[in-house]
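Number of protein chains: 4
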Amino acid sequence: MLENTLLDELHEECGVFGVFGCHGAAEITYFGLHSLQHRGQEGAGIVACDNGSMKRIKGQGLVTEVFKEGSLDKLPGDMAIGHVRYSTAGGSSIENVQPFLFNHHTGPFALCHNGNLVNSNELKKFCEDRGSLFQSTSDSEILAHLIQKNYNDRTFIYSLKSALEMLDGAFAFLVMLGDKLIAARDKYGLRPLSIGKINGGYVVSSETCAFEVINAKFVRDVNPGEVVEISKDGIKSTYYSNMNKHHMCAMEYIYFSRPDSELEGRNVHAFRKASGKLLYKEMPTKADIVIGVPDSSLSAAIGYAEESKIPYEMGLIKNKYVGRTFIQPSQAMREKGVRMKLSAVSSIIKGKRVILIDDSIVRGTTSKRIVALLREAGAKEVHVRISSPQITNPCFYGVDISTYDELISARLDLEGVREYIGADSLYFLSKEALFEAAERNDLCLACFTGKYPTALYHAVKDANKDGKF
Amino acid sequence: MLENTLLDELHEECGVFGVFGCHGAAEITYFGLHSLQHRGQEGAGIVACDNGSMKRIKGQGLVTEVFKEGSLDKLPGDMAIGHVRYSTAGGSSIENVQPFLFNHHTGPFALCHNGNLVNSNELKKFCEDRGSLFQSTSDSEILAHLIQKNYNDRTFIYSLKSALEMLDGAFAFLVMLGDKLIAARDKYGLRPLSIGKINGGYVVSSETCAFEVINAKFVRDVNPGEVVEISKDGIKSTYYSNMNKHHMCAMEYIYFSRPDSELEGRNVHAFRKASGKLLYKEMPTKADIVIGVPDSSLSAAIGYAEESKIPYEMGLIKNKYVGRTFIQPSQAMREKGVRMKLSAVSSIIKGKRVILIDDSIVRGTTSKRIVALLREAGAKEVHVRISSPQITNPCFYGVDISTYDELISARLDLEGVREYIGADSLYFLSKEALFEAAERNDLCLACFTGKYPTALYHAVKDANKDGKF
Amino acid sequence: MLENTLLDELHEECGVFGVFGCHGAAEITYFGLHSLQHRGQEGAGIVACDNGSMKRIKGQGLVTEVFKEGSLDKLPGDMAIGHVRYSTAGGSSIENVQPFLFNHHTGPFALCHNGNLVNSNELKKFCEDRGSLFQSTSDSEILAHLIQKNYNDRTFIYSLKSALEMLDGAFAFLVMLGDKLIAARDKYGLRPLSIGKINGGYVVSSETCAFEVINAKFVRDVNPGEVVEISKDGIKSTYYSNMNKHHMCAMEYIYFSRPDSELEGRNVHAFRKASGKLLYKEMPTKADIVIGVPDSSLSAAIGYAEESKIPYEMGLIKNKYVGRTFIQPSQAMREKGVRMKLSAVSSIIKGKRVILIDDSIVRGTTSKRIVALLREAGAKEVHVRISSPQITNPCFYGVDISTYDELISARLDLEGVREYIGADSLYFLSKEALFEAAERNDLCLACFTGKYPTALYHAVKDANKDGKF
Amino acid sequence: MLENTLLDELHEECGVFGVFGCHGAAEITYFGLHSLQHRGQEGAGIVACDNGSMKRIKGQGLVTEVFKEGSLDKLPGDMAIGHVRYSTAGGSSIENVQPFLFNHHTGPFALCHNGNLVNSNELKKFCEDRGSLFQSTSDSEILAHLIQKNYNDRTFIYSLKSALEMLDGAFAFLVMLGDKLIAARDKYGLRPLSIGKINGGYVVSSETCAFEVINAKFVRDVNPGEVVEISKDGIKSTYYSNMNKHHMCAMEYIYFSRPDSELEGRNVHAFRKASGKLLYKEMPTKADIVIGVPDSSLSAAIGYAEESKIPYEMGLIKNKYVGRTFIQPSQAMREKGVRMKLSAVSSIIKGKRVILIDDSIVRGTTSKRIVALLREAGAKEVHVRISSPQITNPCFYGVDISTYDELISARLDLEGVREYIGADSLYFLSKEALFEAAERNDLCLACFTGKYPTALYHAVKDANKDGKF
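Residue numbers (the numbering used here), protein chains in the order written: chain H, 37 to 505; chain L, 37 to 505; chain Y, 37 to 505; chain F, 37 to 505.
Any given hint might turn out to be false.
For chains that are exact copies, the list does not tell them apart, and a pair is met inside one copy or across any two.
[Unchecked claim] Simulated crosslink set (DSBU-like; lysine-lysine; CA at most 30 angstroms straight-line):
| no. | residue 1 | residue 2 |
| --- | --- | --- |
| 1 | Lys253 | Lys233 |
| 2 | Lys322 | Lys345 |
| 3 | Lys253 | Lys377 |
| 4 | Lys216 | Lys104 |
| 5 | Lys161 | Lys197 |
| 6 | Lys104 | Lys354 |
| 7 | Lys91 | Lys233 |
| 8 | Lys354 | Lys253 |
| 9 | Lys467 | Lys322 |
| 10 | Lys356 | Lys91 |
| 11 | Lys185 | Lys268 |
| 12 | Lys253 | Lys404 |
| 13 | Lys253 | Lys416 |
| 14 | Lys416 | Lys345 |
| 15 | Lys377 | Lys91 |
| 16 | Lys110 | Lys377 |
For the record, the hints were derived by calculation from the structure and aren't laboratory data.
This one's a predicted model, so the numbers in the text were calculated from it and none came from an experiment.
Sequences are here, hints too, so could you generate the full structure?
In structure tokens form, the structure reads like this:
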């Protein structure tokens with residue numbers, strides 16, 4: 037991370053990808069994970085299954101750093117699951133990189149997970165009290181232990197479903213047995229998970245953008261509460277819970293997902309462009325140019341420009357070579373105002389009334405910085421338009437805004453935020469507009485409203501204990 | 037490189053950056069080079085000068101890979117020069133990574149270079165016949181030897197200017213002596229080089245985008261044929277040639293430079309947007325959406341959309357995590373149509389008449405591939421619009437299109453190219469439009485016209501000898 | 037590994053080292069592990085405990101490769117345990133690198149292990165049937181699960197001792213709790229484990245050679261069946277079994293341990309030198325020079341020379357830079373007889389009658405090779421003297437001779453072995469001489485005699501199943 | 037380096053190896069360099085020549101670190117030269133790693149070098165005054181420039197010999213042209229260089245130990261002043277000087293060379309063993325055990341023991357895993373007396389009168405340390421016997437003792453040195469004994485006597501200027 041202000045970003049916790057019944061499953065998974073790389077850059081792993089025998093490669097860093105020439109040859113088989121991981125500072129150790137692989141005497145199994153459990157501490161204690169030993173600090177290991185606790189003489193699937201019922205929170209799980217790939221999604225549908233078809237086999241992915249890359253065809257989404265078993269007998273669907281709802285995380289549309297993904301039938305770029313149009317409609321403003329903060333706000337900016345007829349310009353340039361290992365500017369450089377990630381283009385901005393489109397304001401420091409950049413570059417006016425409502429509550433479902441000391445909108449009113457970031461005017465999109473842009477009316481808006489779809493007692497308690505929330 | 041078709045890209049040969057009179061010169065150079073990274077990703081180096089003593093770090097890879105935490109501490113001093121290098125396959129060895137550093141008994145000197153000499157073979161032989169030993173295959177080492185041949189009892193500057201006079205081709209040189217930073221630009225002005233000011237000192241950079249990052253203020257461009265000496269006495273300007281012309285490489289505007297750079301007074305994004313507008317004006321076409329090939333054609337696409345009132349869409353998504361070490365898809369994957377770099381967004385494209393904006397067509401393979409991608413994604417019509425004229429001639433000034441087996445436009449007429457790439461229609465921007473977009477009438481258009489600004493006898497002979505050209 | 041014949045070596049499975057009550061415990065452990073490096077070169081790890089909180093660094097390779105400048109700063113605390121690992125080809129993955137670390141809700145604990153369990157499969161199934169999930173294929177993880185199975189409302193030590201009672205085989209365990217370091221040794225005393233004192237604190241090590249390096253003073257050996265608890269209250273000793281015997285593995289004296297270690301009171305070099313003397317006494321032979329196979333047979337050769345008055349010479353030179361990453365000679369090179377590890381010194385050997393001292397013969401291929409080397413170098417006669425008896429049985433206690441397809445001495449009689457290796461004469465030391473050299477009469481000689489100190493039913497069955505034994 | 041006292045070692049500057057006329061020349065060179073690794077561990081490189089075209093791989097570190105799986109495939113051809121480099125701290129940059137490779141328009145040539153020139157500053161200035169540009173600080177680059185200065189219309193060999201005539205100092209050069217391998221040795225014969233034969237081709241090596249490894253047969257040594265050309269016409273011998281003498285560096289016998297090398301007909305181990313015997317004869321001493329400092333003093337200790345009938349023991353153990361990247365003990369550890377490289381074996385030493393054999397005393401700090409180690413381990417008496425005379429003068433021929441602030445024997449008399457190192461008695465071998473052990477009477481003993489075989493004016497001046505000598 038470069039500068040404090042750049043820490044002021046939302047992060048998701050992971051992406052999962054699986055293949056069943058397709059030669060070179062590990063290679064397909066590699067390409068699939070690569071297109072899910074935006075969901076996590078801290079670690080990656082693949083477990084491949086060859087005639088019931090499983091092998092794993094995992095490591096810290098990007099997919100292209102973990103897997104080298106020759107790596108995939110060591111992962112033979114026609115079934116595989118893989119994972120890309122984002123993690124907060126404390127938990128980036130190699131133990132937490134998924135998938136997990138267990139070589140049980142009844143046969144090996146592997147699993148990986150996108151999302152966050154709100155009752156993980158209770159479940160972990162529950163398992164440990166019954167003799168479990170955890171080797172990671174990852175939520176995902178919990179499911180494996182719960183399955184074992186429920187196993188006994190039942191079938192694996194029965195045990196899995198019993199275990200899933202105990203989980204509170206957001207998840208998309210992939211579980212691989214020697215002859216079967218299982219995909220499960222939480223009963224609130226908070227995290228996306230989709231099924232595709234690829235010559236004779238199946239793929240499962242956090243986002244549909246991965247299907248395009250490997251030339252797979254979208255089949256359908258996994259439903260909330262559904263457990264999908266993919267085996268040589270085809271797809272079998274059952275439900276671990278009858279209390280299912282569609283509460284897809286709104287941030288998946290607003291920020292996390294890739295523009296070319298379809299989230300439960302709605303294209304992400306189309307959503308964002310529509311939200312940009314609505315942003316203008318809700319608060320029409322006169323200006324000379326429209327600028328989006330790259331990369332996630334460009335679609336909304338394009339929509340805003342189209343609706344407002346104000347020209348869309350590239351007033352901010354993002355250095356695409358900012359890597360994970362960047363040397364931080366020294367104090368002296370910082371005082372000189374060195375900025376590594378974003379540059380404002382003076383010749384475009386000078387003397388202009390600028391509409392600045394961003395997708396969200398978390399702490400406010402980034403927005404403050406960008407507004408200042410634009411003013412230094414000569415902007416006459418800067419009108420900040422945010423393509424989502426004010427974030428006033430932490431998230432417990434995999435978005436790491438429970439780790440911020442403060443959400444600026446939880447402390448300040450609209451005018452206070454405007455003043456802090458130094459904009460001439462500020463507007464946040466309405467909740468209604470989100471539903472309209474998403475063409476649905478059932479998103480999880482907990483971070484905007486505080487109405488959490490799941491029980492939260494313990495997570496809240498923990499957040500307080502750590503001085504968060 | 038991923039797939040053969042992806043080799044079908046233009047490449048520039050380098051970027052240079054220098055600092056005089058500023059504490060932490062190496063660190064400033066690091067940040068400067070980082071914003072010139074798009075000009076070369078194969079290698080990078082910095083030489084810093086501390087009280088007349090010079091130290092160097094260089095290596096293969098990105099700036100962020102070559103320099104690690106602690107590297108810059110080993111490069112003290114308030115003067116430095118640095119280089120990012122692009123190179124063709126054969127020449128990527130560490131010897132060719134610049135800057136060059138010579139520890140002569142009269143004092144050390146260092147130099148680096150962006151561009152390409154057309155009489156390098158003659159000059160190299162000239163030097164070797166006079167006892168020189170070359171350790172690299174880089175053009176840039178030639179200048180150092182020529183300076184020494186001319187040195188004798190003259191001043192260094194006199195020798196440098198005599199040497200520069202012998203060079204034919206494109207160049208922007210930085211030369212560092214123990215107490216002086218010298219910047220020189222070829223007399224045709226083919227490659228850009230600009231001077232900036234930063235607290236008490238000076239910076240010199242291939243592109244002005246580097247000034248923004250380090251908070252330097254643009255002062256002026258180095259003129260064609262000019263030799264600028266920066267010392268504690270300030271800036272001193274002389275000319276090594278009186279026959280100076282402005283023939284900035286048009287490809288710098290069209291493709292190479294970063295959108296936020298100003299090239300001899302004209303912003304690159306503004307140029308590209310204007311060229312997009314002209315592209316529509318010259319050949320108005322009815323369509324449903326406008327799509328640009330990311331990243332270099334987005335500005336032109338935005339301009340086209342603005343002029344035509346056809347909506348601008350993100351119909352192609354580029355995976356921003358494609359790194360240098362990517363595992364190539366196996367033959368089996370290739371047959372499955374796996375594609376790593378670009379994805380078409382079906383939900384946006386399906387059933388639409390698409391205007392596809394690209395900046396150039398070299399071999400035609402990439403264009404063919406993208407058109408096919410769009411058709412697979414359901415495009416009803418694909419109209420390809422190129423924001424530059426047809427490339428019919430190789431370049432000898434640093435753009436590596438002398439290494440392509442064939443330029444499709446040198447072999448086929450417009451209709452032939454259209455047919456090859458599979459577009460419904462195809463149009464190339466006129467030369468006149470380039471001048472209009474650049475707001476000047478003196479660009480080097482040699483690759484479009486075959487009219488080279490410099491003598492070329494030997495380069496052409498060599499190109500033929502190698503079976504090129 | 038370089039050549040097939042070089043695989044013909046004995047290997048031990050590990051070394052352990054622990055520190056209690058000494059500032060900079062991780063650093064002390066680093067130096068301790070470094071002097072145990074000969075016991076395992078495949079992986080290394082350290083867990084340090086700081087006020088009850090544990091951190092780990094582990095990796096594949098040598099101690100000096102796993103731990104880099106700055107690594108130890110990340111492992112604060114005054115208690116630590118560490119491990120160096122040797123592993124067979126199949127099991128060298130990072131999961132198996134120790135110590136294991138478990139973050140249980142009752143507090144973290146870590147453990148590591150030298151040795152091999154003969155009932156690991158049964159114990160693993162026992163645990164899995166009771167809900168355990170194993171993440172490694174290492175024997176050492178079993179103890180952790182067994183402890184948990186026995187835990188309930190008992191004390192940790194009670195559970196540990198119950199668990200140790202279930203283990204059959206050879207082991208030296210270190211277990212670290214938040215406030216306590218525990219050392220345990222199998223009831224047969226097969227693997228060594230010693231306690232030392234270092235300013236105010238304690239250290240525990242597989243071999244005493246580590247004490248010398250860190251300037252610790254030897255206190256005493258851990259006894260067979262003993263469980264030593266080291267805490268701020270000092271050392272507390274109890275036993276998990278009353279059926280204790282002293283059956284130190286003879287190979288520890290003969291081959292594995294460093295010459296400067298004291299194994300249960302007997303210096304290893306002194307043992308080896310004495311065995312060399314006895315080798316001459318048992319079978320006096322006339323010759324011109326005595327040569328030892330470096331490094332492990334040099335002590336015996338010195339003893340042989342001293343006793344026989346035949347000059348000791350350096351007739352074989354070992355290249356000390358043979359690393360783990362050596363490029364294997366191509367087929368062409370192999371045919372040319374390229375040899376990387378050992379060279380014979382012609383000028384010393386030519387025309388001489390040579391006594392060649394080696395510590396053991398496993399497959400016979402190495403001995404055959406060395407005899408050939410000596411003959412090529414001009415030896416007139418080669419008399420091979422082995423400072424241990426014939427190995428006729430596999431080991432199940434941590435020496436990887438269960439993985440050899442064949443033990444030459446299990447198939448051939450003495451004359452047959454002599455003929456195979458091409459020696460003029462061959463003699464193996466008697467079992468009685470081993471006892472005499474060790475100044476004790478209670479070593480484990482199972483690989484020489486087939487009399488195993490522990491129950492073996494399952495290990496033998498497994499060995500057969502895998503086509504071994 | 038671990039501790040200051042460990043810097044107190046002699047270092048040589050390099051080893052060279054070449055192959056002519058043998059398929060897989062680079063691979064042979066790799067194995068050859070590997071057995072010369074003891075002559076330099078800082079860097080390594082190979083240039084291979086395939087039909088007149090040369091390719092190079094070089095890097096910092098051990099041969100096994102620089103060359104990885106697949107490296108040698110990139111160096112095709114049946115001719116190659118290679119180099120291992122030792123360097124002092126200031127000069128370990130990649131530019132100085134050899135061989136040097138020059139792509140001249142008359143054809144490429146490569147060269148590498150073992151030794152040190154005493155007139156390098158003069159020669160460098162001579163070349164620079166005539167237009168040369170040096171890119172390294174290595175002496176070896178000088179020869180290349182001198183050749184070019186003399187080239188003109190003469191043959192390469194004529195130019196080479198003219199250039200060699202200008203060199204003062206110690207050298208063994210390998211020069212590779214497109215069709216020829218040239219080996220040259222200084223006219224004093226200070227550094228060794230030998231020729232061997234390998235199926236159909238030739239090899240040249242700094243030491244004969246490399247021949248054994250690749251199964252080559254020794255042919256003869258290159259003579260002082262000789263220039264050997266190896267081409268498809270066989271071996272051609274001429275001399276660049278008629279004033280040739282045999283003054284092999286005595287330290288090659290005493291310390292640098294591998295025990296299995298033959299230096300001008302005398303085996304190194306045999307020399308050392310003989311020197312050990314003479315050490316006893318010259319000063320018979322009563323004691324209980326003889327100990328050598330590993331590894332270079334073991335041969336002498338064996339000889340001493342044989343002559344004196346005092347038992348030879350392994351009282352000092354060297355950790356063979358001390359690598360280049362070792363973490364230095366912290367101040368706290370150092371105070372605890374942590375020692376990484378050498379351990380004394382108490383059980384062997386306790387209560388004994390010890391004869392300690394070492395090959396030389398430079399600064400005295402190491403000897404002082406070892407004597408202290410032995411006393412701590414319980415030695416009753418420590419009698420230090422050095423198998424060479426007192427070093428009273430710096431070396432300018434490649435042994436880096438010109439960089440030591442002080443040579444203890446230049447400052448103190450015998451009793452003073454004894455007192456400093458804390459020995460009960462101290463004795464240095466006589467010069468006459470060196471001749472006797474070497475079976476020759478013409479070694480260079482300059483560091484013992486101050487009688488330098490070459491002109492020294494400038495080297496001495498420089499040494500003074502730098503505060504040395």
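Original post:
Hint by hint, which ones does this structure get wrong, listed from lowest number up?
Top reply: Those not satisfied: there are none.
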